[in-house]
Amino acid sequence: MKDLLTKINNIATQKFGAQYAEARAQKIDKTMLTLKEERVEAAKQGIESGVALRVLVNGAWGFASVGSLDVAILESAVSDACRMAKMASSRLKTPIRLAEAKVVNDSVRSKPKKNPADIQMEDKIKTAMTVNRTGLGYDKRIKSFTIDYLDLTGTNYFVNSEGSSIEQDKMYVWARIAGSALSEGVFTFSREELGSTAGYEVFDEQPPEVLGEKVAKRAIEQLSAKSLKGGKFPVVLGPNVVGVFVHEAFGHLAEADLALAGGVLADKIGRKIGSDLITFYDDGTIEGSFGSFKYDDEGVQTQKTLLIKDGVVTGLMHNRETAQKFSAEPTGNARAEDFRVEPIIRMRCTYMQPRDHSFEELVEGIKQGYYFKSFRGGQANLDGTFQVGIQEGYEIVNGEVGTPVRDASISGNTLETLNKVDGVGKDFLLDPGRCGKGQTAFICDGGPHIRVKEVVVGGSS
Amino acid sequence: MAVLKKDVMLSLAENTVAKALKKGTLEVEAYVYEGQATNIGIEIGQVSKTNRIIDRGLGIRVAVNKAVGFAYTNVIDDTDAVDSAIANALSAAKASKPDPDWNGLPQKKSYAKLEKTFDDKIVELESEELVDVASAMLDAASQVDKRVFPIEGGVGSAYISNAIANSNGISGFDKGTVIECSIATLAKENDTVTPVCFEFNASRSYEVDPAWVGKEAAKLAISALKTKSVETKSTTLILTQFALQDLFAYTLINAVRGDSVQRNQSPFKGKIGQRIASENLTIYDDGLFPGGLRTWAFDGEGVPHQKTAVIEKGVLRNFLYDNYSAKKEGKDSTGNAGRAGYLSTPSIDTTNFHILPGNRTGEEMLKEINDGLIVYYLQGAHSSNPVSGEFSVVATPAWKIKKGEITHCSRGVMLAGNIFEVLKNVSLVGNNERQMGQLISPWVQVENVRVIGK
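Heads up: the sequence lines are chains A and B, in that order.
Per our numbering, the very first residue in the first sequence carries number 159; after that it's consecutive.
Per our numbering, the very first residue in the second sequence carries number 1190; after that it's consecutive.
If you are wondering where the hints come from, they were derived from the structure by calculation, not from laboratory data.
The structure displayed is predicted, hence computed values, not measured ones.
Glycine residues also receive a C-beta, built at the ideal position from the N, C-alpha and C atoms.
Treat the hints with caution; some may be incorrect.
From the structure, some residues in chain B lie toward chain A, with a derived Cβ separation under 7 Å [to be verified]:
(1) 1235
(2) 1239
(3) 1259
(4) 1260
(5) 1279
(6) 1281
(7) 1284
(8) 1320
(9) 1454
(10) 1534
(11) 1569
(12) 1572
(13) 1576
(14) 1595
Excised from the complex, chain A in its bound form:
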């Protein structure tokens, strides 16, 4: 494989004068299941292989993707990519350059206790069925239960024109579980995700019975929840919501491509923008975490990147192109979903560092507010407006957590909100998730419980 990919890169550099060329080949096997209630909708198995070619010619990018390892097809694809890049370069004002990266020659093997590729389809169906049966059996008001399961195993090959050559195993196990309940005309919905790069042993840590019950319990509890009043309130956010806040509200703004695109963090590096209690990391090194890997899709080793320390912005997440523009080091955040797309800056495991408050201390001073425990969706805008939807929340009245509330969301301006965090818990939890930025990336996020003095809460009553 190395020889083939080197040969293709050489065509780009020698025949078309590319400044840089990289070839990523992938061979992947996937197993997918969807079970609705006690019905297996389909058991699915997929095989994919293909090559992504990226070249930098006269300061412009050319990219080609083909589902083939055939030399002639790859030669024609790389020639196409070079010609198109050359054409686009005619309109360039600022040619693209890349920050230096270490030349790497390495081979990375995954070492799961239980390799999903070795588990029989029957066993995977059994695990998924247990999740659904537990959920449906929890309460007769549970009306539907769906589990989507995916495992992916395979190998990525990376070769660039600077002499790097990396062979890296890929292994993901993922599931999404959703349940709905109906009683007296009230509909509720609850979901959870599970994801790991460790192996199928993730189901030993989170047994299917526990997963099914967790989702069902929330859907039932939401039946008696009330719609809440919109307005500004103090809130306590659980680790699951804090994770999404760190990822959506701050993380995306700290992606250097979005900072360059006009995001509000571009000129804030080294400046204090939030309360002393705020320290965030984006970390690709946590073993088994859904966002972890050793090398990114530009061949740069992953790292634990400090984004903000005690309220001061310390750095951004970079690929080689943005690192050059900011005179920074690449941080190993360039990720491509597969060989069909180009690597772009993506988060890994993004979290807030815990401090010293207990949950009781966070809640006790709040006269009228909310405790938001679990999220459903979140989104951010470059102007710093964020929104996080809530699937599980409770009223706080006179320092006590009370009645559940339904379908709320919180919103605000990220920088203002970071200044309003006035209590950070000592607990810590990470949750796996998926992030959409044109492509899907497997990520992880989390943190401790926190208290925010004031945030806009959306509700319809």
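Based on the hints, put chain B in the right spot on chain A.
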């Protein structure tokens, strides 16, 4: 571009069915997909990237004693890879469990002749010309005002074809083209950054107006620079197509899917023939709409596309079905089996979700509003409750309408409510129809929506 010919695609589908039948299964379906796309990308104010993507593949669905298995491969020029995909589909079916509600694959029906879904000019486009289109769009945006930053966007042309065959004799081929140009801009002044303002053109024929796209996106961004807060209250809203598409995708569309209804996930269960929305609202799912972005001869399992009345003058008429969910009720599929290329099994999706236009222009709609908001983009629509239809989202941004005029922009405005209440409160539908993804719609005016100001 060199594309796979109709007979190559069809014979791969048909031969795969024949081979699988010999391996002992009675029910098999083969779906062959080819997509070729060329994109010219704009990043941080310049045309700086290009890509060319060729994606082909084969998806095989089999049923063995009512247990369904599926396998796919993107290696289709290699007999061994196709054979092992057939074997994988069979082994998956054998590992799976019988489904008593499985009533077979669809039967053969004839397909309609389509209009405006394929344009030779798009297939033959040279990438030089696409670079010109991208540059024209970029220049138009930059020329509006020097406070505008075009941040990303591009021009893409695509050719898509698919072939399907099944053991009931279905054999179909269809091809289509799309061209799209889009730009995202924001405006910056001192310390103020506006939300991202986006415009686009998308068409099945080579008909795009890049200068209009660039100019409109830039004008919106500039108008979002000066902001004032709005008060918390219930108010009149004009929802533009951007907002409608986002909101409907995560709420209403779930509620009209036949499988959601069967699984008690839709408040519309048992309400066919009943009034569920304002009489101003008529919605068709029209898979044959001329030039529609989702117009194809057949759906993901070879069932002909059709035009289905969903809501007529506020009365619920039909749900949307694929073959499985339709047969479960003894009905016929409405041709709504969606499919993510060759990578997935079919699942129910809209084709072109068409909100029928009224007779008021956008300008007339604005003029008649004494106090309200117009909303372009929403943030967080995907966090809506897909079952109950409750939403709590941010308008990024909203523009205030006072005495018939747009007076100022407001940031961080939250909108909260229930989509099924919104449908009842539609007071007016405009005539300014446009296509956006699966939606074909004019502006829609809604009364009494809860707005939480900042």
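A quick look at each hint next to the structure:
no.	hint	verdict
1	1235	5 Å, holds
2	1239	4 Å, holds
3	1259	4 Å, holds
4	1260	5 Å, holds
5	1279	10 Å, violated
6	1281	4 Å, holds
7	1284	4 Å, holds
8	1320	6 Å, holds
9	1454	5 Å, holds
10	1534	5 Å, holds
11	1569	4 Å, holds
12	1572	2 Å, holds
13	1576	4 Å, holds
14	1595	19 Å, violated
Going through the hint list in order, the structure does not satisfy hints 5 and 14.
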